[in-house]
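Trainee: Each chain, written out:
Number of protein chains: 8
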Amino acid sequence: MTFRNGLNSLLRPEDSVLVLIDHQPYQLANVNSHEPTMVVNNTVGLAKAAKAFGVPTILTTVIAERGGKLFPQIAEVFPGQEIIDRTFINTWQDQKVVDAVKVTGRKQLIIAGLWTEVCVAMPAIQAAGEGWDVTVITDASGAVSVEAHQVAIQRMIAAGVNIMTWLALAAEWQRDWARADQAAKVTDVIVQHVGGSGIAYLWEQQLLNTPVPTASVGV
Amino acid sequence: MTFRNGLNSLLRPEDSVLVLIDHQPYQLANVNSHEPTMVVNNTVGLAKAAKAFGVPTILTTVIAERGGKLFPQIAEVFPGQEIIDRTFINTWQDQKVVDAVKVTGRKQLIIAGLWTEVCVAMPAIQAAGEGWDVTVITDASGAVSVEAHQVAIQRMIAAGVNIMTWLALAAEWQRDWARADQAAKVTDVIVQHVGGSGIAYLWEQQLLNTPVPTASVGV
Amino acid sequence: MTFRNGLNSLLRPEDSVLVLIDHQPYQLANVNSHEPTMVVNNTVGLAKAAKAFGVPTILTTVIAERGGKLFPQIAEVFPGQEIIDRTFINTWQDQKVVDAVKVTGRKQLIIAGLWTEVCVAMPAIQAAGEGWDVTVITDASGAVSVEAHQVAIQRMIAAGVNIMTWLALAAEWQRDWARADQAAKVTDVIVQHVGGSGIAYLWEQQLLNTPVPTASVGV
Amino acid sequence: MTFRNGLNSLLRPEDSVLVLIDHQPYQLANVNSHEPTMVVNNTVGLAKAAKAFGVPTILTTVIAERGGKLFPQIAEVFPGQEIIDRTFINTWQDQKVVDAVKVTGRKQLIIAGLWTEVCVAMPAIQAAGEGWDVTVITDASGAVSVEAHQVAIQRMIAAGVNIMTWLALAAEWQRDWARADQAAKVTDVIVQHVGGSGIAYLWEQQLLNTPVPTASVGV
Amino acid sequence: MTFRNGLNSLLRPEDSVLVLIDHQPYQLANVNSHEPTMVVNNTVGLAKAAKAFGVPTILTTVIAERGGKLFPQIAEVFPGQEIIDRTFINTWQDQKVVDAVKVTGRKQLIIAGLWTEVCVAMPAIQAAGEGWDVTVITDASGAVSVEAHQVAIQRMIAAGVNIMTWLALAAEWQRDWARADQAAKVTDVIVQHVGGSGIAYLWEQQLLNTPVPTASVGV
Amino acid sequence: MTFRNGLNSLLRPEDSVLVLIDHQPYQLANVNSHEPTMVVNNTVGLAKAAKAFGVPTILTTVIAERGGKLFPQIAEVFPGQEIIDRTFINTWQDQKVVDAVKVTGRKQLIIAGLWTEVCVAMPAIQAAGEGWDVTVITDASGAVSVEAHQVAIQRMIAAGVNIMTWLALAAEWQRDWARADQAAKVTDVIVQHVGGSGIAYLWEQQLLNTPVPTASVGV
Amino acid sequence: MTFRNGLNSLLRPEDSVLVLIDHQPYQLANVNSHEPTMVVNNTVGLAKAAKAFGVPTILTTVIAERGGKLFPQIAEVFPGQEIIDRTFINTWQDQKVVDAVKVTGRKQLIIAGLWTEVCVAMPAIQAAGEGWDVTVITDASGAVSVEAHQVAIQRMIAAGVNIMTWLALAAEWQRDWARADQAAKVTDVIVQHVGGSGIAYLWEQQLLNTPVPTASVGV
Amino acid sequence: MTFRNGLNSLLRPEDSVLVLIDHQPYQLANVNSHEPTMVVNNTVGLAKAAKAFGVPTILTTVIAERGGKLFPQIAEVFPGQEIIDRTFINTWQDQKVVDAVKVTGRKQLIIAGLWTEVCVAMPAIQAAGEGWDVTVITDASGAVSVEAHQVAIQRMIAAGVNIMTWLALAAEWQRDWARADQAAKVTDVIVQHVGGSGIAYLWEQQLLNTPVPTASVGV
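Protein chains in written order, with our numbering: chain A, 1 to 219; chain B, 1 to 219; chain C, 1 to 219; chain D, 1 to 219; chain E, 1 to 219; chain F, 1 to 219; chain G, 1 to 219; chain H, 1 to 219.
Honestly, I wouldn't trust all of these hints.
[What the hints assert, rightly or not] Here are the simulated DSS-like pairs of lysine-lysine, each with C-alpha atoms no more than 30 Å apart in a straight line: (1) G:Lys102 to G:Lys51; (2) C:Lys185 to C:Lys107; (3) D:Lys96 to E:Lys96; (4) H:Lys96 to D:Lys185; (5) H:Lys102 to A:Lys185; (6) H:Lys69 to D:Lys69; (7) C:Lys69 to C:Lys96; (8) C:Lys69 to B:Lys185; (9) B:Lys69 to D:Lys185; (10) C:Lys69 to F:Lys185; (11) F:Lys51 to F:Lys96; (12) A:Lys107 to A:Lys69.
Hints were generated in silico from the structure; no laboratory data involved.
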């Protein structure tokens with residue numbers, strides 16, 4: 001058991017692979033840890049950020065013909081991509097998903113899903129024990145209660161799992177605003193999915209292109 | 001001072017007019033009563049619902065060349081529509097806005113804006129005293145603190161202002177699901193802006209069109 | 001506008017009629033104001049209390065073939081009873097429901113349902129304006145957000161609607177523990193649906209029937 | 001009992017008089033409804049706003065030789081001004097304070113103080129009964145518990161007292177940003193005492209005076 | 001329906017009568033709105049304050065042989081006093097209690113008890129309708145849930161009931177610190193039951209009797 | 001000290017043994033960390049899940065003749081089973097309980113009880129030091145305060161104890177929905193004790209067996 | 001770094017020593033993490049429990065002639081005992097205190113004080129590094145903000161400090177209710193300082209000594 | 001991985017270096033974890049404390065010409081000091097900042113900034129891996145949500161980062177009130193930036209210099 005730190009512990013697009021698990025209607029119907037609208041928003045933001053950075057993303061559901069299909073807002077980020085349907089609740093015991101991750105050759109494994117305490121916790125804890133560097137994105141996940149969410153996070157930390165929120169991951173992938181191509185893409189995601197920062201950015205852009213007003217009115 | 005109740009007190013599309021006030025960057029930058037992403041989401045949902053029901057909507061800002069333009073997500077719902085810029089903080093002392101409302105001939109005046117305690121409270125309280133039937137949509141508004149939001153709501157109630165949340169208004173406008181044309185439009189808004197109910201609706205649609213599975217798996 | 005007070009304003013079984021509205025899956029799927037398990041528990045407790053006191057109860061749903069049937073836990077309290085299905089979102093504009101209430105000849109109209117801000121608020125506000133003495137049971141209802149729930153309650157208060165919680169209503173119906181027949185039935189409901197008080201009652205019953213222990217141990 | 005609304009119900013500098021009551025150490029030592037630093041900050045912001053608009057301000061304490069002197073941050077806004085010390089807990093029964101208010105000839109009486117439920121509630125409720133148009137500034141006040149604060153606010157509302165927060169009052173006094181002299185003063189107060197808005201204003205001023213950057217980095 | 005305000009609306013010892021209802025084990029066992037230790041502490045503080053000001057206090061329980069006796073901490077404040085045991089849940093329908101109140105000849109009726117939504121709400125609402133000036137002390141009461149407590153308070157406000165917290169009442173009774181005999185008694189109650197203010201008072205007394213230290217140490 | 005992770009760290013029915021400790025009236029009477037109704041509900045859900053998976057369950061109380069018997073809702077899940085009564089507060093120092101656990105031959109020891117910080121913490125911490133793989137189910141436990149609950153959880157984590165919530169455990173035991181026999185039993189438990197998911201499941205079942213409606217009404 | 005667990009890690013009276021630090025007026029005046037009345041109550045309960053179990057208790061203050069004397073409620077538990085006054089903020093750098101602890105020969109060092117993040121954290125962290133088995137009692141401590149309290153707890157956990165709440169410690173010291181002499185003393189402390197459990201205990205005692213009532217009323 | 005404890009682990013002015021990161025308008029505009037006014041206040045308090053103790057402070061921003069300049073309240077504490085502007089989001093990958101820290105020769109690296117989960121977390125985690133003794137000041141930082149703030153803190157703890165709040169750091173630097181010169185400076189900072197303690201200190205100073213009043217009034 002060692003501290004997970006140092007420059008290498010920070011997440012990089014070229015070493016990352018994302019698995020989105022069970023963002024489905026049956027699960028969302030009993031999420032009580034977060035406002036469901038924010039769960040959808042954050043997961044789509046995460047998915048678009050992954051796409052912007054070229055991070056391969058595996059999509060998976062559990063018995064979608066009954067529990068409902070993956071949220072279309074997420075599926076639409078990856079048009080035509082296969083969504084792996086499982087019967088295993090624990091994604092990491094589904095060989096097809098594990099193979100899909102392994103084929104990417106990446107070791108920074110990032111997971112988000114519904115519910116935090118079930119469909120996220122099991123694969124995160126198993127994979128961490130198998131040597132993967134696992135990160136869970138808590139605000140693109142959700143649980144049946146606030147306590148279930150927090151207890152699951154504490155359990156995963158005790159399992160050596162790294163935890164983050166989605167915008168922090170996007171910024172960590174970006175790392176340097178001088179990488180201008182990526183920066184433009186990330187900014188698009190922020191404008192669409194981060195209310196406060198997106199509007200602030202648009203204000204900045206407006207003012208930078210505005211001559212100094214001569215009017216003497218106050219704010 | 002009488003109770004505001006009875007069938008006539010419920011809001012109808014044909015009698016409603018909506019005024020959206022100061023959904024601008026300077027104001028959003030210090031909203032601390034709500035998650036800013038939800039404020040943007042709810043206001044856009046409200047705007048689209050108004051449009052779906054043919055409710056005329058007045059858009060107004062205060063010194064937009066400095067405090068920033070109306071959120072584009074809202075402006076895009078009403079392409080080409082004029083946004084009335086003011087110096088008056090109290091919208092109801094700006095004759096141009098009041099005239100725009102009066103010309104609609106409607107008396108159910110609905111207001112949302114930033115901040116609840118300033119740009120919403122003043123026009124709501126003034127108009128209520130002038131005989132308008134005023135409704136404030138609290139979750140498409142926001143304040144500099146939770147206390148500022150709640151105190152403003154209590155002040156407006158004491159002024160005879162009606163308060164609602166945006167989805168309640170949309171449902172009240174719809175009133176009867178047998179009004180099928182409107183129902184389809186409202187459902188679109190829900191799918192886009194009400195995470196939990198939108199996903200539940202899509203599940204319902206999926207299952208209704210699915211033959212009964214024969215597999216014996218559980219949940 | 002007068003204060004609602006005095007002995008006559010308290011609720012009596014013989015003058016009460018209960019309407020349970022839209023306790024259905026589509027609605028529950030986006031209740032975020034309460035733990036859903038508690039909403040189910042409280043509504044069943046309310047239903048059983050009404051039955052225990054002989055209070056007629058009207059059950060109604062909205063498009064149950066799509067939004068889902070009334071929670072079976074509630075339906076089972078009233079075996080064989082018709083559940084009035086509507087297209088009107090506002091129950092009080094559905095003549096069949098209103099007639100069912102009127103035929104009871106009772107004027108203390110009690111309402112609970114999902115969501116507080118839509119399916120509860122509209123009939124409560126309309127009926128209050130038509131002279132009914134309306135009481136809403138807030139903890140057997142639920143809303144899409146805490147704010148939606150609280151704003152709806154404040155709106156209903158401003159409409160002259162009385163608000164209560166379900167156990168308070170049961171106790172008000174009981175009024176005097178000397179009414180022993182009712183007391184036994186209410187106690188059954190408490191044992192089943194009020195965790196803290198039910199267990200306390202069972203403890204009381206156990207200890208009252210226990211000889212004083214002779215052991216000298218502490219607590 | 002009538003609704004308090006209409007244009008005349010809004011607060012105007014020329015009709016306002018402010019009374020700050022018992023912002024003293026003994027009282028602050030048991031404020032548990034707010035972060036004490038914010039109580040001090042908000043009260044000083046309120047005092048400076050009053051000064052900026054020429055609103056006369058009465059300062060009063062209760063047995064300051066024991067319970068401690070008025071916070072110096074407030075006293076320094078009004079150098080040399082008398083601070084009326086009382087033995088009456090209810091300020092409005094101290095003739096000296098009432099006379100000081102009456103001599104201003106203003107009827108919009110604004111009160112803030114410690115504690116909300118004692119030193120604010122009593123004079124607010126008494127004065128409201130004597131025909132004053134009373135407004136209490138809740139976030140420049142504080143109570144021994146959150147419940148004490150909220151219950152006092154509800155009691156004062158039932159007494160016909162108007163409630164506001166301090167920044168809302170400053171904006172209501174300003175009313176129109178075209179009043180440039182006042183606007184500049186108010187902006188100074190905001191920069192000093194409203195963290196989020198003050199910094200946002202400084203950013204606006206910086207950007208408006210900055211040529212458009214040519215660098216291609218994102219943010 | 002009129003606003004309850006003005007000097008006469010403030011509570012005076014010589015016009016007050018206090019009724020403490022059902023502070024018993026069965027009820028406390030399911031109080032979830034407050035920390036039970038604080039409910040006991042606050043009620044004892046209220047009882048001692050009443051005694052200090054010579055306010056007659058009626059003690060009453062419901063079926064104490066089963067639900068448990070009045071908390072001894074309260075009973076001990078009034079040694080030898082009769083505790084009226086009832087079967088009526090609604091105290092105000094028990095003639096013995098009402099007579100005990102009437103014999104005092106006082107009209108400012110103050111009530112606290114368990115639970116807020118049952119044993120407090122019913123007598124408060126009934127008595128308010130019979131012309132009593134009713135005040136409920138919310139923090140010497142408690143409910144089965146936070147929602148039950150808050151909903152009951154809102155219901156009582158709509159019934160014309162005044163609400164306060166216990167320390168606010170004690171200060172209102174005191175009214176003027178120049179009433180030295182009472183002040184000493186109230187201060188004793190504060191030292192025993194108001195943690196923050198009691199300790200602050202003792203500090204004040206210590207420092208006022210201490211020569212100025214000559215040491216140069218900091219805070 | 002090593003991270004607890006990997007596939008083997010996940011809980012399996014065949015390796016699990018459950019101990020339910022002191023779910024008794026005296027303890028529940030001062031649970032302030034959770035709604036008592038939910039504590040009862042969750043513990044019964046946990047007990048039924050254990051039964052469904054064939055996980056042996058030990059029931060134990062402390063001085064039940066005084067502190068009250070095990071909640072009957074739990075006892076009824078295991079008709080006729082012995083409930084081990086102790087004087088030791090620390091269950092793990094009661095040889096009879098430890099022997100009952102040891103005889104099962106299982107090493108994944110799962111504990112829930114009242115209070116978290118006393119009757120749960122002591123055996124969990126002791127057993128963890130003796131080589132058991134201990135898991136505490138936090139939402140089938142409860143404490144005298146929120147702080148007591150959270151501090152106890154943090155203490156147990158520092159002792160190497162695993163923490164979970166009850167539904168997460170049931171899902172981990174299930175592991176794969178293809179295990180149809182178990183799935184049916186678990187689904188029964190969910191329908192009875194998980195409000196949001198149970199109702200969602202019933203909706204799914206209803207819709208899957210419903211022909212597509214032809215009506216054109218909206219949601 | 002090893003897990004702190006096993007039977008030996010539980011606290012025993014004969015190995016414990018308690019240090020109460022800076023429960024003084026200056027510190028309490030800015031405690032915002034807890035209700036101050038509860039901090040006083042809990043610390044006195046802790047002190048009495050220590051006394052009941054014969055656990056030596058060291059009392060210490062910092063510059064009491066200015067910051068105020070130890071709360072008299074605590075001092076009175078140990079009449080005549082020296083209170084060590086310091087200038088060192090970090091108690092563990094004051095040789096007199098450390099010597100007083102060392103002379104007891106006990107290694108289970110228990111600390112509570114004001115503020116958690118300063119006067120508790122420093123000695124706890126230092127002593128833990130010097131080989132003491134340190135336990136901090138969080139609810140007999142307090143901080144300038146909720147964040148300060150929680151961050152300090154997390155910091156101390158990372159330093160290997162054990163955390164508990166006061167009633168958990170008392171129960172751990174008791175360990176077995178069969179130890180009747182201690183049990184009686186602990187029960188006294190509970191009756192005086194644990195509202196919910198004390199009243200429940202008194203109820204139990206009352207009912208056990210009551211013949212079964214013959215009345216047929218419910219509860 | 002070892003516990004961070006012992007006397008040497010406490011922070012000393014002579015070994016400390018402070019880095020303040022991105023306290024800028026763009027970042028503050030979307031801080032939702034704290035009241036922005038408190039973030040500004042706490043950071044200025046931290047900066048002044050560092051200055052009072054002679055702790056070198058590095059100031060850095062990211063693309064200040066667009067995201068806005070360092071808060072002037074902070075800059076003014078260090079007049080004329082260079083503010084290092086970066087394009088790297090991760091400060092610790094900016095050689096200029098790292099060199100500025102290294103040149104101080106100090107190893108206790110203290111970091112605060114906006115946002116906790118991005119601009120604070122990355123350098124803290126990287127530096128911790130490179131052997132620095134890193135401390136993050138959480139209440140002089142802020143995040144886009146409460147969850148983002150808390151998750152980042154948990155992540156940093158798992159990386160071996162120490163966490164504190166700003167006043168705790170100031171007190172730890174002071175360590176002994178007998179260090180009178182420093183004490184006076186720290187007291188100045190407290191009076192300006194810690195509302196509750198600053199006012200308490202001023203009261204203490206007032207009372208210590210006041211003859212004992214002879215009046216017999218209470219307080």
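Trainee: Each hint: holds or not?
Mentor: Status of the hints after comparison with the structure:
1. G:Lys102 to G:Lys51: Cα-Cα ~18 Å, so holds.
2. C:Lys185 to C:Lys107: holds, 24 Å
3. D:Lys96 to E:Lys96: Roughly 47 Å between the alpha carbons, so the hint for Lys96 (chain D) and Lys96 (chain E) is violated.
4. H:Lys96 to D:Lys185: violated, 40 Å
5. H:Lys102 to A:Lys185: At roughly 35 Å apart (the allowed maximum being 30 Å), Lys185 (chain A) and Lys102 (chain H) break the hint.
6. H:Lys69 to D:Lys69: violated, 38 Å
7. C:Lys69 to C:Lys96: holds, 18 Å
8. C:Lys69 to B:Lys185: holds, 25 Å
9. B:Lys69 to D:Lys185: holds, 25 Å
10. C:Lys69 to F:Lys185: holds, 23 Å
11. F:Lys51 to F:Lys96: holds, 21 Å
12. A:Lys107 to A:Lys69: holds, 28 Å
Checked against the numbered hints given earlier, the structure breaks hints 3, 4, 5 and 6 and satisfies all the rest.
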